[in-house]
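J.: Below are the chains, spelled out letter by letter.
2 protein chains.
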Amino acid sequence: MKVRVFVSLKDGVLDPQGKAVEHALHSLGFEEASDVRISRVVDLCVKTDSAEAAKEKGAEMARALLANEVIEDFRVEVVG
Amino acid sequence: MKVRVFVSLKDGVLDPQGKAVEHALHSLGFEEASDVRISRVVDLCVKTDSAEAAKEKGAEMARALLANEVIEDFRVEVVG
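Chains A and B supply the protein sequences, listed in that same order.
Take 1 as the starting number for the first sequence in full-length UniProt numbering and just add one per residue.
Take 1 as the starting number for the second sequence in full-length UniProt numbering and just add one per residue.
Simulated from the structure, these hints should not be mistaken for laboratory data.
Worth double-checking, as some hints may not be accurate.
No copy labels: a pair is met if it fits in one copy or bridges any two.
[What the hints assert, rightly or not] Mimicking BS3-like on lysine-lysine, the simulated pairs with C-alpha atoms at most 27 Å apart in a straight line are:
hint : residue 1 : residue 2
1    : Lys55     : Lys10
2    : Lys47     : Lys2
3    : Lys19     : Lys2
Note that this is a predicted model, so its numbers are computed, not measured.
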């Protein structure tokens, strides 16, 4: 089953990468851009037949490796 | 307006980051994980009133900075 894990910084956590992209956009003339935040999407296949098991496994993987739960939130979707 | 730019590697392009995550998942005991691919999501605000203009501006920013069109595809959504 195909699983998609969205990993994003928690609200209120500074996003240095987003800040850097924002500055770069401004220097390229895109003054109208603001509040740039960067997130990750991890697509992977899980060897299981049940969507529920795939979603649970995706959450386990997120807690174990894909997300740093001190500063990041994650959301898991089964996409196929 | 809030714009979301999805940036992902083109099909067929090797994803070293995905491979590294896959190996790490296997070493943590998640043998059932495979085909790991990592994408980026860039959320930003664009000072404009029209969704169409925001989407077009998002695409311009993607072409100028956010995506490397040699190896990456991008998709733009207006989310609010």
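J.: Hint by hint, note whether the structure agrees.
T.: Results of checking the hints against the structure:
1. Taking the shortest alpha-carbon separations for Lys55 and Lys10, both the intra-copy value of 21 Å and the inter-copy value of 25 Å come in at or below 27 Å.
2. Taking CA atoms no more than 27 Å apart as the test, Lys47 paired with Lys2 passes inside one copy only; the shortest distance there is 9 Å, against 36 Å between copies.
3. In the homo-oligomer, the alpha carbons of Lys19 and Lys2 lie at most 27 Å apart only across protomers (16 Å), although the nearest pairing inside one protomer, at 32 Å, exceeds that limit.
The structure fails none of the hints (numbered hints given earlier).
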